[in-house]
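Each residue of the sequence shown is one higher than the last, beginning at 32 in my numbering.
Just so you know, the hints here were simulated from the structure itself, not pulled from any lab data.
The C-beta atom is built at its ideal place from N, Cα and C for all residues, glycine as well.
Careful: at least some of the hints might be erroneous.
[Said to hold, decoys possible] Label-pair restraints from in silico Cβ distances: (1) V90 to M32: 17 to 27 Å; (2) T235 to P96: 26 to 36 Å; (3) M32 to L225: 16 to 26 Å; (4) P65 to S143: 27 to 37 Å.
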Amino acid sequence: MILRHLQDLIGRIYDVRVAHDVYDFLVTDRSRLPQAAQSGATDEALIVAHDGDGDAVGVSLYLDPDLLQRLRRADPLRRLDERNVADCWTALEGVSHFVYFTWNAGHDKPVSLLELEMQAEVDKYVASFWLLRRQFPQRFPAELLNLLFERTRIDPRLAQGREDIYREASRYAERFCRRLERALRREASTQDVLAELRRFYRLTGDRKVAHIERTA
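Starting from the given sequences, assemble the full structure and let the hints guide the process.
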């Protein structure tokens with residue numbers, strides 16, 4: 032169950048636990064989404080709904096069924112490569128959104144779109160790095176930064192007028208990940224890297240930005 036493994040991987044890296052299994056909130060039938068989301072072209076969407084009083088929150092994660100089928104045929108947990116990296120990052124983004132939103136909700140912390148997207152970009156880099164190092168322990172995955180931050184483009188159809196937020200999230204995430212890669216290239220201890228990632232994960236959006244501007 033690839034999504035559960037991705038949820039577990041994110042949980043282990045950041046030492047966070049949520050009491051919910053992502054599969055219990057997974058929707059693969061677009062017709063079951065709220066009307067406003069049914070016409071979207073995206074393969075991934077986190078749907079958040081509040082009750083009338085704003086006290087209760089409902090969450091669903093939509094992932095395209097064809098994407099999940101492709102990942103079952105070319106499992107990135109066994110081998111992450113050019114065949115499946117784009118689909119893997121889409122799934123990782125969805126799982127990241129789910130884990131980050133539900134973990135913060137469990138601590139009564141609001142989450143902005145910028146914060147959610149920035150953390151997802153960091154998660155894609157970090158989780159991919161961990162997978163590649165486990166699969167190919169003798170090589171450093173130097174291609175990740177370029178592939179994730181320089182060769183990836185924002186699709187205006189999917190951004191729905193929020194391109195500036197996505198660009199800002201990507202820009203800050205790239206700065207953070209470049210500093211992280213420098214530490215990894217110096218063979219900084221795993222515990223030091225994990226400690227930095229775990230501190231960053233627990234910062235609010237504004238403090239994440241301030242931390243990056245101060246250190247990266």
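Verification of the supplied hints:
no. : hint                    : result
1   : V90 to M32: 17 to 27 Å  : holds (19 Å)
2   : T235 to P96: 26 to 36 Å : holds (35 Å)
3   : M32 to L225: 16 to 26 Å : holds (25 Å)
4   : P65 to S143: 27 to 37 Å : violated (21 Å)
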